[in-house]
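Trainee: In this text, residue positions in the first sequence follow the working numbering: the first is 23, and each later residue adds one.
If you are wondering where the hints come from, they were derived from the structure by calculation, not from laboratory data.
Some hints could be false.
[Unchecked claim] Derived CB-CB ranges, DEER-like: (1) GLY298 x TYR210: 31 to 37 Å; (2) GLN72 x TRP44: 53 to 59 Å; (3) PRO38 x GLU88: 43 to 49 Å; (4) GLY97 x GLU28: 28 to 34 Å; (5) SER49 x PRO276: 36 to 42 Å.
From the three backbone atoms N, C-alpha and C, an ideal C-beta is built for every residue, glycine too.
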Amino acid sequence: MSEHIEPLRGMNDVLPDEAPWWNRLESVTREVFSTYGYREIRVPLLERTQLFKRAIGEHTDIVEKEMFSFEDRDGQSLALRPEATASIVRAAISNGLLHNQKHRLFTIGPMFRGERPQKGRYRQFYQVDAEAFGYSGPEVDAELILMTARMWQLLGISRVRLEINSLGTAEARARYRDLLREYFRGHYSQLDADSQRRLEGNPLRILDSKNADMAQLIAAAPLLTDHLDDESTAHFERLKKLLESGGVAYTVNPRLVRGLDYYSRTVFEWVTDALGSQNAVCSGGRYDGLVTQLGGEATPAIGWAMGMERVILLMQELGCQVPVEQPDVYVVMAGESALARGLQLAESIRTAAPGLKIETDLGGGSFKAQFKRADKSGAHVAVVLGDDEVARGEASVKPLRGGEQTTVSFDALAAHLVAMISK
RNA sequence: GUGGACGUAGCUCAGCUGGUAGAGCCCCGGAUUGUGAUUCCGGCCGUCGUGGGUUCGAGCCCCAUCGUCCACCCCA
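Full structure from sequences and hints, please.
Mentor: The structure is reproduced here in structure tokens:
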């Protein structure tokens, strides 16, 4: 035997036992998207590295140290997408979707970031992603958030809390950044090494620090919400009203800043205390400047991304149930002629009764062994086929959840099974 | 990227101060003829993550490496 090829760090296989959770999440989110008029878009996993650098920001952690980028055979720099927004904006521009149009879009798929893996944090991870283009008012901000609240409800998820904030316009944020830098410079010696490093580059990130020694210092720092431009303040106030009338509870977290440079005005994050340090399950915000930054016509835009692994972990943590796939009918058969006839019979039942789930035992072994498998499969009914049955042209039908075993002619079998299952 | 814990059969784990591997579950077969519980009997399954080193001898010690998990970091 040759040696095993090991899987890559942070790359997971979703095995059949896990797949139903993924299907549940995907079908619920698709369902909700469709009831809100969001349409699916699918974009490539691979883009020019330049796209992400320009969109997310040259000096963000994602671009600086987490992106899987490499040169192709022609020497151009490509990257596996670390998030979906940049690609969707690029696709919208490439395909002329933003010319006097409005679009509500969603996509579902894998993203890639070369971080050190932990529970709820992987190198290939999946996101459900929503984006709305062409809507400048706070109503769409509210709609996007209401939509996520509905998803939680339908998925049976509790223990998530909504935090919101406004970053204001780029100009207002630049003024605030200067103010903040000035404040922290005055207390330079109290900053930890990370924060000292961030002071010049991105002082807003200091507000996010979990370092308890700096908590007081941070609490006393000037608040962005006090230094917003008037329009952003009005936008934010209106959003809060809309959330209240929509029945979605929130807390304003003035220190909520995002690690991607393109956000402006509304930012929000759904957090949980059930997953350890990976506490963000869904987050997003407005990015009114990004489209022009990527060369398109000025278009207001907003979106969010949901971490699928985290949501699934959360569902499991909270004891949510997901239906397991099990056959309705299990065909037990022994003997060469019975095997051939059984296969044929299963086909004809599937044709006559579409939707009926029929699993055949092709594993051989004694009737006893096959019945054990039939039981374990969760099937409601076993169809038994041996040489006797084949000779008589009828199958033995045994209810596995109590009831008498009967014999049914091959011709009447499909209808008989449908009747048994539906009761 | 930094610090730490861990890595033994498909799964959950045991393995004393180094003497060349064990349990339960699972799976397979049997307890008289073709029928799923339980019980009983029997059986299969391991390059002890990988590669080096120390030693007469290593799952147990040392080094490296890969992976998982936790915290930081970052973020979905």
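Trainee: Against each hint, give a clear statement of whether it holds in the structure.
Mentor: Comparing the hints with the structure gives:
1. GLY298 x TYR210: 31 to 37 Å: Hint holds: Cβ distance 32 Å, inside 31 to 37 Å.
2. GLN72 x TRP44: 53 to 59 Å: 32 Å, violated
3. PRO38 x GLU88: 43 to 49 Å: 31 Å, violated
4. GLY97 x GLU28: 28 to 34 Å: 30 Å, holds
5. SER49 x PRO276: 36 to 42 Å: Check passed, 37 Å falls within 36 to 42 Å.
Checked against the numbered hints given earlier, the structure breaks hints 2, 3 and satisfies all the rest.
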